[in-house]
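Asks: Turn these sequences into a full structure, and let the hints guide you.
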Amino acid sequence: MKIKFMLNDRSQTWHTEPGESLLDLLRRHHVVSVKKGCDGSTCGVCTVLMNQKPVLACTVLAVRCAGEHIHTVEGLADEVEKISEAFGIEGADQCGFCNPGIALALYALKAEHPEADAAEIKQYLEGHLCRCSGYQSQVKAALRYLGEAS
Amino acid sequence: MIHIEQYHKVDSLEEAYRLLQKYETAVLLGGGAWIRTGSKPLEHVIDLKGLGLDTIIETKDSLSIGAMVSLRAMETHAGIRQLGGGFLSEALSQILGVAFRNTATVGGSIMGKFSFSDLLTPLLMLDVTLQFYDAGPMRLTTFLAQRGRLKDILQAITIEKKACRAMFKKVANTALDFSIVNVAVAIVEGRYRIAVGARPGTAILAESVMAWLDTVESPTEATWKEAGEKVVETIKLGTNQRAHESYRQQLVKTYVARGLKEVSGS
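Line order of the protein sequences matches chains A and B.
With the first letter of the first sequence counted as 1, position 26 gets the number 26 in this note's numbering; the numbers rise by one all the way through.
Residues are numbered in this note's numbering as their position in the second sequence, beginning at 1, plus a constant of 1000.
Some clues are possibly wrong.
As the list claims (entries may be wrong) - Capping the alpha-carbon separation at 35 Å, the derived lysine-lysine pairs in DSBU-like fashion look like this:
| hint | chain 1 | residue 1 | chain 2 | residue 2 |
| --- | --- | --- | --- | --- |
| 1 | B | K1161 | A | K122 |
| 2 | A | K122 | B | K1049 |
| 3 | A | K35 | B | K1009 |
Claimed, not checked - A short list of chain A residues far from chain B (calculated; beta carbon distances all over 12 Å):
| hint | residue |
| --- | --- |
| 4 | H29 |
| 5 | G75 |
| 6 | G88 |
| 7 | Q94 |
| 8 | S133 |
What the hints contain is simulated information worked out from the structure, not anything from laboratory work.
Here a beta-carbon is modelled for each residue, glycine too, at the ideal position from N, C-alpha and C.
Replies: So this is what it looks like as structure tokens:
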């Protein structure tokens, strides 16, 4: 079946199967910032924005994206640049595998709760696993990003 | 990829219900978040998206939550944050991450009667009625007590607003893990409620202990401890790969006593 949806503000009409996840659909079309990690709703590396809200692309059936607006980091370059800068300053950037998912979560957090404190950031980022950082530097980077963004 | 033979996008609840009755193995798709907990191929999947079941309606006396409302929307709703001091929002906030809760729905989380559910246990502290397409209204407790699969469509749940103080405790190895056990305790209009979930069976009320507590005139610290012991005597706890029965018993005793102390303000 074919589905029509908006990907990074561009209309796309792609073929999918009923059981295909949004993650597999995106990666099949070379949207590779969306990583395939646990593929089981646990690690957060496949996070994308659906209608501006973070969702796990591995958990969303592609067929249900018809008519929806999907954003990945490729479509939010200006804002992701600011997040990357904060990550760089705070040393939150190591292997980088989890960064796209966390960047999109922070972008959503800024829209939802721009004055979030460290505890609220930690709670919002639960579900994003990082095997490098120990998370402290990422929370600092998030505070820097939100502080500069507000 | 999940094996789905036929995906049905429907335009009305009538059509969804007709297909549900037509195909013996048909599965309703809420948020789709839990669909991967099963490993069997799915012959017919009926999508409930777009049928207007995704709104929360608050009145002076109740909250009506559509079955397709996401767990995150429920968690962050101002009216739900006020129930019982916010214990329900707090419980919801402990279910995986925000991105998962933006997908998982209230209906899918209830209809699955999942043994690991962190939603059913706190909901048992409240007067909750499920609104089904065909069967009409049904108490949550009645639904949970039923065996087998109900071939009906959950449209919404209604929570009656009542004076309530409540607490919820989830015990898990990590924030992202399923509960080893969970406990909810409340005083609703002066009467005690206690529920235990992830036993590993589905959440259940400790009704005999609740009735006993209502007869105690001046409860003390010893009452709360005794209540915890009575709960593990009356509610069946078991062993699975997450925890042994004896460990669950210790957890339940402890958190029931602490919960009663907390909600009673003693």
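Asks: Hints numbered earlier in the text: which of these fail when held up against the supplied structure?
Replies: As far as the earlier hints go, not one is violated by this structure.
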